[in-house]
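K.L.:
Residues per chain, in single letters:
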Amino acid sequence: MNEYFILASILFALGVTGVLMRRNLLVILMSVEIMLASSNLALIAASSHVGNLHGHIFVLFNIAVAAAEAAVGLALIVIIYKNKKTENVDQFTSLHG
Amino acid sequence: MEHILFYVISGLAIISALSVILNKNPVYSALSLVGFLFVQAILFVLLKAYFIAIVQVLVYTGAIMVLFVYVVMVMKLNEELLPRIRLRPFSLFLAGLFASYLFYIFSKTPTFSHPVLKTGDISEIGELLFSKYVLPFEVISLLLLVAMVGAVVLNRKSKHE
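Taken in order, these protein sequences are the chains called A and B. First residue of the first sequence? That's 1 in this note's numbering, and the numbers climb one at a time after it. First residue of the second sequence? That's 98 in this note's numbering, and the numbers climb one at a time after it.
Source of the hints: derived by calculation from the structure; they are not laboratory data. You may find that some hints are simply not true.
To give an idea of the interface, some chain B residues facing chain A are shown, with a C-beta separation under 10 angstroms as derived from the structure [as the list claims (entries may be wrong)]:
1) Tyr104
2) Asn120
3) Leu134
4) Gln137
5) Leu140
6) Gln153
7) Val168
8) Leu179
9) Ile182
10) Arg183
11) Ser188
12) Ala192
13) Phe195
14) Ile237
15) Leu251
Yeah, the Cβ is synthetic: ideal placement off N, Cα and C, and Gly gets one too.
Please build the complete structure, drawing on both the sequences and the hints.
P.N.:
Here is the structure:
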């Protein structure tokens, strides 16, 4: 088992912890970015061990998808903040009745 | 030498990721995320993926983090009103379970003795990108266009207000 894979799984678990633990929408989105970035690390490590460049291409696509996700997610966060005046996830209880 | 560098850099990566999820103030979290992505670019250089490292710095730390910091500035953050971080034991347990499952999967993957790849040559990446992966490339450009239009439409003021 390669040390890069161990590092990538530790970082991914840290991202999962952030998503589950934090209540701030922005920090949750940042934790998702951590998870995406750590999967990039695992892909590059696997690619350099197999010996071809297909993993690098996949990482390029992954970065583009992360950029799109950040743009749309941050736009949604701005709208939610304008409507609710808070970014705490526990306060979003409009459906509670 | 390379091993020592790897351990130092990976320690830095774990510390900066911890500082992202444990900082009370989102501004500090965003700045720690910049550090994290930068450290990860160094790891890419260690893996000889030079082009990906440059793209990481340009796109992630350059473009995405500017967006994050901009949105943090939009929000009115009062240092005293920020809630304390609670370490939820159940979420820690779930993350630990997840990490152990990942370890299990990676321990079952076959190991390769040494890296075969000499360098992540940019001309080879370009050749692959525009021959075998040309359709996904076009699709990803469409995705970026849709995301851009979506972000603009979402934040437009409606006429009825």
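K.L.:
Please go over all the hints and tell whether each is borne out by the structure.
P.N.:
Hint by hint, here is what the structure shows:
1. Tyr104: 8 angstroms, holds
2. Asn120: 8 angstroms, holds
3. Leu134: 6 angstroms, holds
4. Gln137: Holds. Min distance 6 angstroms.
5. Leu140: 6 angstroms, holds
6. Gln153: Where the cut-off is 10 angstroms and the nearest Cβ of chain A is about 7 angstroms from B/Gln153, the hint holds.
7. Val168: 5 angstroms, holds
8. Leu179: 8 angstroms, holds
9. Ile182: At 7 angstroms from the nearest chain A Cβ, B/Ile182 passes the 10 angstroms test, so the hint holds.
10. Arg183: Since chain A brings a Cβ to about 8 angstroms from B/Arg183, closer than 10 angstroms, the hint holds.
11. Ser188: 3 angstroms, holds
12. Ala192: 4 angstroms, holds
13. Phe195: 5 angstroms, holds
14. Ile237: 5 angstroms, holds
15. Leu251: At 4 angstroms from the nearest chain A Cβ, B/Leu251 passes the 10 angstroms test, so the hint holds.
Hint compliance for this structure: no hint is broken.
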